[in-house]
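K.L.:
Sequence:
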Amino acid sequence: MTQATYVRTDFLPLDQLTPFEGNAKVGNVPAILSSLRRNGQYRSLIIRDEGDGRLVILAGNHTAKALASHGEGPCDYRPKVGGVERPCGICQNQPWQPGARCEVITCDDDTARRINIADNRTADLGTYDQDALAELLSYLDDDFEGTGYSDDEVTRLVHTDLPEGFEEYGEEIADKAGTTSREPATAFVHTCPNCGHEFQTGATGTDA
Numbered sequence: 001m002t003q004a005t006y007v008r009t010d011f012l013p014l015d016q017l018t019p020f021e022g023n024a025k026v027g028n029v030p031a032i033l034s035s036l037r038r039n040g041q042y043r044s045l046i047i048r049d050e051g052d053g054r055l056v057i058l059a060g061n062h063t064a065k066a067l068a069s070h071g072e073g074p075c076d077y078r079p080k081v082g083g084v085e086r087p088c089g090i091c092q093n094q095p096w097q098p099g100a101r102c103e104v105i106t107c108d109d110d111t112a113r114r115i116n117i118a119d120n121r122t123a124d125l126g127t128y129d130q131d132a133l134a135e136l137l138s139y140l141d142d143d144f145e146g147t148g149y150s151d152d153e154v155t156r157l158v159h160t161d162l163p164e165g166f167e168e169y170g171e172e173i174a175d176k177a178g179t180t181s182r183e184p185a186t187a188f189v190h191t192c193p194n195c196g197h198e199f200q201t202g203a204t205g206t207d208a
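Going left to right, the sequence shown walks through residues 1 to 208 as the UniProt record's numbering numbers them.
Don't take every hint at face value.
Claimed, not checked - Think about it this way: if two alpha-carbon atoms lie no more than 20 Å apart in a straight line, the pair counts; the simulated SDA-like pairs of lysine to any residue are: (1) LYS80 / ASP143; (2) LYS65 / GLY40; (3) LYS65 / TRP96; (4) LYS65 / ASP151; (5) LYS65 / ASP108; (6) LYS25 / ALA123; (7) LYS65 / ALA134; (8) LYS65 / ASP119; (9) LYS25 / HIS62; (10) LYS65 / LYS80; (11) LYS25 / ALA68; (12) LYS25 / GLY148; (13) LYS65 / ARG86; (14) LYS65 / THR111; (15) LYS80 / GLU145; (16) LYS65 / VAL26; (17) LYS80 / ASP151; (18) LYS65 / ALA24; (19) LYS65 / ASP143; (20) LYS65 / GLY148; (21) LYS65 / GLN41; (22) LYS65 / VAL29; (23) LYS65 / CYS91; (24) LYS80 / TYR149; (25) LYS25 / PRO87.
Calculated from the structure, these hints are not laboratory results. None of the values given here were measured: they were computed from a predicted structure.
With the sequences and hints as input, model every part of the structure.
P.N.:
Right, here's the structure in full:
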């Protein structure tokens with residue numbers, strides 16, 4: 001037995017699952033819980049059946065913690081989307097015992113460790129198209145619950161205006177700095193009105 005082999009998909013009680021020993025990721029459980037309550041469980045836990053009755057969580061350890069932190073249902077969480085109430089994405093406002101949808105696999109110890117490491121690390125290696133992200137967030141009508149983004153974070157992401165008192169770079173500033181003239185450039189020192197950082201343009205063309 002080497003690589004992961006799919007066995008089944010099942011809904012398993014959390015008290016039957018064992019967290020991966022040595023999991024290095026420190027996840028944001030409250031943020032995951034917020035997403036689960038608003039959106040439901042859209043990704044299965046990856047569970048290794050070790051064959052001796054032990055079912056070990058290779059991927060999704062913090063999702064399991066978030067589901068456990070919800071506790072037994074029903075709860076009274078009912079978000080409004082477009083003015084219409086929806087039930088909790090975890091318990092549906094019904095009696096519920098903490099559990100999760102799981103993809104059960106078999107594999108050897110080496111593969112189990114690699115799956116846990118890769119699941120944590122590969123997400124860290126990604127980057128964002130900031131314009132595409134801002135556009136996606138703009139469709140949510142200023143309701144960012146369950147996305148992992150706060151109102152302040154979204155404001156900073158989509159706010160493109162320059163700080164008050166900070167001139168946008170254009171031909172006039174370029175002319176002042178001597179960058180469009182054949183005459184020797186004059187050095188100008190500029191100060192950011194927000195942070196106080198000083199930088200120089202013109203003669204040196206580099207930050208001070």
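K.L.:
Could you work out which earlier hints the structure fails to respect and list their numbers in ascending sequence?
P.N.:
4, 5, 7, 10, 13, 14, 19 and 25
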